[in-house]
Amino acid sequence: DAKTTQPNSMESNEEEPVHLPCNHSTISGTDYIHWYRQLPSQGPEYVIHGLTSNVNNRMASLAIAEDRKSSTLILHRATLRDAAVYYCILRDGVRTTDSWGKLQFGAGTQVVVTP
Amino acid sequence: NAGVMQNPRHLVRRRGQEARLRCSPMKGHSHVYWYRQLPEEGLKFMVYLQKENIIDESGMPKERFSAEFPKEGPSILRIQQVVRGDSAAYFCASSQGTGATYEQYFGPGTRLTVT
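Protein sequence lines correspond, in order, to chains A and B.
Just so you know, this note's numbering puts 350 at position 75 of the first sequence, and the rest follows in order with no gaps.
Just so you know, this note's numbering puts 138 at position 65 of the second sequence, and the rest follows in order with no gaps.
Source of the hints: derived by calculation from the structure; they are not laboratory data.
Treat the hints with care, since some could be wrong.
[Claimed, not checked] Some chain B residues near chain A, calculated using beta-carbon distances under 8 Å: (1) Phe118; (2) Tyr121; (3) Gly180; (4) Gly182.
[Said to hold, decoys possible] Just so you have them, the derived chain B footprint on chain A, three or more residues with Cβ under 8 Å: (5) 289-303; (6) 376-390.
These figures come from a predicted structure and were not determined experimentally.
We put the CB at the ideal spot given by N, CA and C, even for glycine.
This is chain B alone, in the form it adopts within the complex:
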């Protein structure tokens, strides 16, 4: 059973460009979470999605960031008009169910560098 897959693993964008990060959850998992880890900082929750629905986006910046998890295909985290402060590692996790008794399985992350 393949784990959580993220691509690309490394992404370089110039300021003002768009970044698209993809996450394929583990087979059978319908819950996806995105986290961001800024350099030398801790992991911060961004958004929680189920198929076609955003459940909790309390950690998403108000502008330029969006996320989706369509019925078919991977979850996408989209960052428009990137700025240097967006440079970070972005991790996706998935779980079989939601709530405190379900563990989350993390992908290897996408390292975004904005030049």
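Pulled out of the complex, with its shape left as it was, chain A reads as follows:
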């Protein structure tokens, strides 16, 4: 399965943007890039996903490199509620592979937001 690499932690000031990098140099052409986050003592929460083009939603933006070997999750204005572990996950669009149904979580990036 394609793997992702994320920094262990990142710190940001409240109301400033946060750019969370993810490297996935062995990504295949059918892999989607998903982001989830887990707030303290809660279940994970879907954030965003994309395949090739940049994506925006009410929570965040996803910028995908042209060669797709890396991506960046952008939180435009961090709030204290955004303090969480953020996971970058590849999911294969092909049914016959392992990552078809399940989510394979790594260690993620712990985001700390300072008032």
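Use these hints to put chain B onto chain A, whose structure you have.
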């Protein structure tokens, strides 16, 4: 629309007892996934079920663990003869469809403590 519901939220069992964890997916979702998060560790996939069928149980321990998702009623994760190492947070997720374009919605988790 109610989210994914799990009960109980906290469960204490003595070694050797049975633990039954319940998960009601979001309305209209027929795909259910179970994940486990051991203390200070990451989330690990356990099993993926559709109504009355186990689709992927590659993450389930070979003994003492079983899961079902009957035609009527919630999905159940059953742990027989619990041991201290089973103490963890168990999360259930559901999705409307399967595959890389569908996000998974997580419940709040059941925290199992084995004494």
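Against the structure, the hints come out as follows:
1. Phe118: Hint on Phe118 of chain B: holds, closest Cβ of chain A at ~4 Å, below 8 Å.
2. Tyr121: 5 Å, holds
3. Gly180: 6 Å, holds
4. Gly182: 5 Å, holds
5. 289-303: Three-residue rule not met by the segment 289-303 of chain A, so violated; n is 0.
6. 376-390: holds (count 8)
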